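Undergrad: From first to last, the protein sequence lines stand for chains A and B.
Numbering (my numbering) for the first sequence: 1 to 261.
Numbering (my numbering) for the second sequence: 1001 to 1379.
Derived by calculation from the structure, the hints in this document are not laboratory data.
As the structure is a prediction and not an experimental result, all values here were calculated from the model.
Accuracy of the hints is not assured; some may be wrong.
[What the hints assert, rightly or not] These stretches of chain B come out as covered by chain A in the derived footprint (C-beta under 8 Å, 3 or more residues):
1) 1003-1017
2) 1054-1065
3) 1281-1292
[What the hints assert, rightly or not] Here are the simulated lysine to any residue pairs, SDA-like style, with alpha carbons at most 20 Å apart:
4) A:Lys194 <-> B:Lys1010
5) B:Lys1010 <-> A:Asp68
6) B:Lys1014 <-> A:Arg185
7) A:Lys67 <-> A:Val30
8) B:Lys1263 <-> B:Ala1276
9) B:Lys1176 <-> B:Glu1230
10) B:Lys1014 <-> A:Ile33
11) A:Lys179 <-> B:Glu1023
12) B:Lys1273 <-> B:Glu1230
13) B:Lys1314 <-> B:Gly1375
14) B:Lys1263 <-> B:Ala1029
15) A:Lys67 <-> B:Asp1007
16) A:Lys198 <-> B:Glu1008
17) A:Lys194 <-> B:Asp1018
18) B:Lys1218 <-> B:Lys1263
19) B:Lys1221 <-> B:Glu1164
20) A:Lys190 <-> B:Gln1009
21) A:Lys179 <-> A:Ser145
22) B:Lys1176 <-> B:Asn1129
23) A:Lys190 <-> B:Leu1005
24) A:Lys197 <-> B:Glu1008
25) B:Lys1022 <-> B:Thr1006
[Said to hold, decoys possible] What follows is a set of in silico ranges between Cβ atoms, one per label pair, in the way DEER data are often shown:
26) B:Asn1278 <-> A:Gly90: 22 to 32 Å
27) A:Ile250 <-> B:Lys1010: 50 to 60 Å
28) B:Gly1339 <-> A:Tyr164: 49 to 59 Å
29) A:Glu50 <-> B:Asn1004: 35 to 45 Å
30) A:Asp122 <-> B:Glu1105: 53 to 63 Å
31) B:Asn1004 <-> A:Pro212: 27 to 37 Å
Even for Gly, the Cβ is constructed at its ideal location relative to N, Cα and C.
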Amino acid sequence: MEIVVCVKQVPDTTEVKIDSVTNTLIRQGVPSIVNPFDKHALEAALQLKEKHGGKVTVVTMGPSQAKDALKECVAIGADEAILVSDRAFGGADTLATSYTLACAIKKLGKVDMIICGKQAIDGDTAQVGPEMAEHLDMAQVTCVSKIEVEGNQVKVEREHEEGYEVVETQIPVLLTVIKSINEPRFPTIKGTMKANKKEIPTWTADDMEVDPGQLGLKGSPTQVRRIFTPPQRVQGEIIKSDTAREAAAILAGKLLTAKIV
Amino acid sequence: MQINLTDEQKIMQKLVRDFAEKEVAPGAAERDEKEEFSREIADAMGEMGFAGICFPEKYGGAEADVLSYILAVEELSRADSGVGITLSATVSLCGWPIYSFGTEEQKQKYLVPLAEGAKLGAFGLTEPNAGTDAAGQQTIAEFKDDHYLLNGSKIFITNAGEAEIYVVFAMTDRSKGVKGISAFIVEKGMPGFSFGKKEHKMGIHSSITNELIFQDVKVPKGNLLGKEGEGFKIAMATLDGGRIGVAAQALGIAQAALDYAVKYSKERVQFGKPIAANQAIAFMLADMATKIDAARLLVYRAACLKDLGLPYAKEAAMAKMFASDIAMEVTSDAVQIFGGYGYSREYPVERLMRDAKITQIYEGTNQVQRMVISGSILR
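Isolated chain A, as found in the complex (with noise of 0.2 Å):
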């Protein structure tokens, strides 16, 4: 099986800063991590291909850092990996993202399955992993926690609320992971030195067939007016009481002397 992992390089912390003057993510002085979710994506293809053979590639688009990224997955046990990079990817909103990402897909050539994690931690949209899928013209099904693949069949428990869904499709296909469908395997010291010496090739909006407009900040649609961080709600007060009868008077007694009803 020919395996593709897109992976995203993130900020290693929840209290992401931001910019409030450029509404950009202030990344300075923030360690650089796999995101969390993709690392459960290369985990499932790395058993995809344990089991069915095959090869898993990684890619990623982002700057010329973002190829420690691909080195640690190389370290963990990806076969290839490939930076897709250029100032004309700059700007990005998933949609270019997502189109520049196909386009680097469709110069790998025969594709029988590509993996993302259902979302980055860092703008947490969950799309460009969909919007991928469309791109390629692919079938695609989202929050997968289990993956089984018999020929062409695959067969995916897909996780909502509820439950699951049992959704069966065939390869190529695009699946996007949750984190309960396996736990990452952690970097070897053979795997790092392996990485450490391993070339990873650019490549450039030279080296892809795209179309210039829809690429980076002129492709795309979404345009960010302001980034902040949302005000710490306060917590709410809990009325403990022995019966509601009594909790309720309490609190209508509250309401009253808040003017509220």
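Got chain A sorted already, so can you dock chain B onto it with the hints?
TA: Just chain B, lined up with the frame of chain A:
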């Protein structure tokens, strides 16, 4: 002088640290309490390739350097020093002598599975009456036809019972004293080779320590390591390297103690302010940090010398002696900073203090290290 780690070393350090924090640290207190060795962790380390860091690729290793391996022992020991010494015993005390003195056939048969992490190793030198005075070996190996007949016992052997491969020392010619000692590779499962009682120790509870018992164990002559009579030389050379591992273990323990002490002293409030706001505490922390850094430089230097192929016996002895002495001091200070809580098993620093003590004793007591160092400078 270059004092920065290379990018490769930094990546290795992070890799082991991530593993140690996620897989080793969480169960450390429980393993200590139950005096439990975790084969699961040992196997996981094997799969990750920790045991092969500094061996060539053709012997199943990653062909990185000794310093990367030392960083691994330090990081593991920060989480659980029993786990750190499990690795160090396999790599420094078993893999290394086979790599340095073994035949090609022995390396393929024994070093490869050690480096690939499929098997664990151990080293059997100490006997009830032959500790620091290793020449007093009572274990004997008699040559008969195509094998050696091994009889005797060893005590305080790290990884004993769990390890599949043992480098064992025995007298082949008592009349020659230390020159009558030979080294052998012994496999778990060889008839007559058994394990005695499990040692109940003050610390490093997650490391297994056991007795080795040999009763007419037939060791094939092909398992003689080096030549007959080279055993003492092999043992001393092995311990020179092993000491860097113990030094790294001590360093990890000390670092862990400092980390806990810093965190606690910022959180613990007395007289309306964190105790770290008192110079009495802050200065203790400053001294602890300085000692640890000094030890770290000694330990890394010894590893670098080994990497460069330069003599390192004296420097390894200095590193082991200093790092273990400061580990004892720093862990004791950490207990002091924690006060009553430090003495309680509810907090981790008393474990670190118990773990630190052994680093002043094994692989050559610190008195032996002083003998090595003074012998070297008075030569």
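Undergrad: Indicate, hint by hint, whether the structure satisfies it.
TA: Tested hints:
1. Restraint check on the region 1003-1017 of chain B versus chain A: 5 residues with Cβ-Cβ distances below 8 Å, three needed, restraint holds.
2. Closer than 8 Å: that is the beta-carbon criterion, and the region 1054-1065 of chain B has 3 residues meeting it against chain A, so the requirement of 3 holds.
3. With a threshold of 8 Å between beta carbons, the proposed coverage of the region 1281-1292 of chain B by chain A is violated, since 0 of its residues qualify and at least three are required.
4. At roughly 15 Å between alpha-carbon atoms, Lys194 of chain A and Lys1010 of chain B fall within 20 Å of each other, so this suggested pair holds.
5. For the hint pairing Lys1010 of chain B with Asp68 of chain A, the CA-to-CA distance comes to about 13 Å; that is within 20 Å, so the pair holds.
6. Between Lys1014 of chain B and Arg185 of chain A the CA atoms are separated by roughly 15 Å; this keeps the pair inside 20 Å, and the hint holds.
7. Distance restraint check for Lys67 of chain A and Val30 of chain A: the Cα-Cα separation of roughly 16 Å lies within the 20 Å cut-off, and the hinted pair is therefore satisfied.
8. A hinted pair counts as satisfied when its Cα atoms are at most 20 Å apart, and Lys1263 of chain B with Ala1276 of chain B qualifies at roughly 9 Å.
9. The suggested pairing of Lys1176 of chain B with Glu1230 of chain B holds, with an alpha-carbon distance near 11 Å, which does not exceed 20 Å.
10. Between the alpha carbons of Lys1014 of chain B and Ile33 of chain A the distance comes to roughly 12 Å, so the proposed pair stays at or under 20 Å and holds.
11. Taken as a hint, the Lys179 of chain A and Glu1023 of chain B pair is honoured in the structure, with Cα atoms around 18 Å apart against an allowance of 20 Å.
12. For the suggested pair Lys1273 of chain B and Glu1230 of chain B, the alpha carbons sit about 62 Å apart, so the restraint of at most 20 Å is broken.
13. Distance restraint check for Lys1314 of chain B and Gly1375 of chain B: the Cα-Cα separation of roughly 9 Å lies within the 20 Å cut-off, and the hinted pair is therefore satisfied.
14. Proposed proximity of Lys1263 of chain B and Ala1029 of chain B is supported: the alpha carbons are some 18 Å apart, at most 20 Å.
15. At most 20 Å may separate the alpha-carbon atoms for a hinted pair to count; Lys67 of chain A and Asp1007 of chain B meet this at roughly 14 Å.
16. Our distance criterion of 20 Å between C-alpha atoms is met by Lys198 of chain A and Glu1008 of chain B, whose separation comes to about 13 Å.
17. For the hint linking Lys194 of chain A to Asp1018 of chain B, the alpha-carbon distance of about 19 Å falls within 20 Å, and the restraint holds.
18. This hinted pair does not check out: Lys1218 of chain B and Lys1263 of chain B have alpha carbons roughly 55 Å apart, beyond 20 Å.
19. Distance hint between Lys1221 of chain B and Glu1164 of chain B is fulfilled; the C-alpha atoms sit about 19 Å from each other, no more than 20 Å.
20. A C-alpha spacing of about 13 Å is found between Lys190 of chain A and Gln1009 of chain B, which places the hinted pair at or below 20 Å, so the restraint holds.
21. For the hint linking Lys179 of chain A to Ser145 of chain A, the alpha-carbon distance of about 8 Å falls within 20 Å, and the restraint holds.
22. Distance restraint check for Lys1176 of chain B and Asn1129 of chain B: the Cα-Cα separation of roughly 18 Å lies within the 20 Å cut-off, and the hinted pair is therefore satisfied.
23. The suggested pairing of Lys190 of chain A with Leu1005 of chain B holds, with an alpha-carbon distance near 19 Å, which does not exceed 20 Å.
24. Restraint check: the Cα-Cα separation between Lys197 of chain A and Glu1008 of chain B comes to about 10 Å, which is no more than 20 Å; the hinted pair holds.
25. About 24 Å separates the Cα atoms of Lys1022 of chain B and Thr1006 of chain B, which puts this hinted pair outside 20 Å; it is violated.
26. In this structure the supplied range 22 to 32 Å is violated for Asn1278 of chain B paired with Gly90 of chain A, their Cβ-Cβ distance being about 52 Å.
27. The hinted window of 50 to 60 Å between Ile250 of chain A and Lys1010 of chain B holds, with their beta carbons roughly 59 Å apart.
28. Checked against the hint of 49 to 59 Å, the C-beta distance between Gly1339 of chain B and Tyr164 of chain A comes to roughly 52 Å, which is consistent with it.
29. Our hint of 35 to 45 Å for Glu50 of chain A and Asn1004 of chain B holds, since their Cβ atoms are close to 38 Å apart.
30. Separation of Asp122 of chain A from Glu1105 of chain B is about 55 Å and conforms to the stated range, judged on CB atoms against 53 to 63 Å.
31. Asn1004 of chain B and Pro212 of chain A have their C-beta atoms about 43 Å apart, which leaves the hinted 27 to 37 Å range violated.
Checked against the numbered hints given earlier, this structure breaks hints 3, 12, 18, 25, 26, 31; the rest are met.
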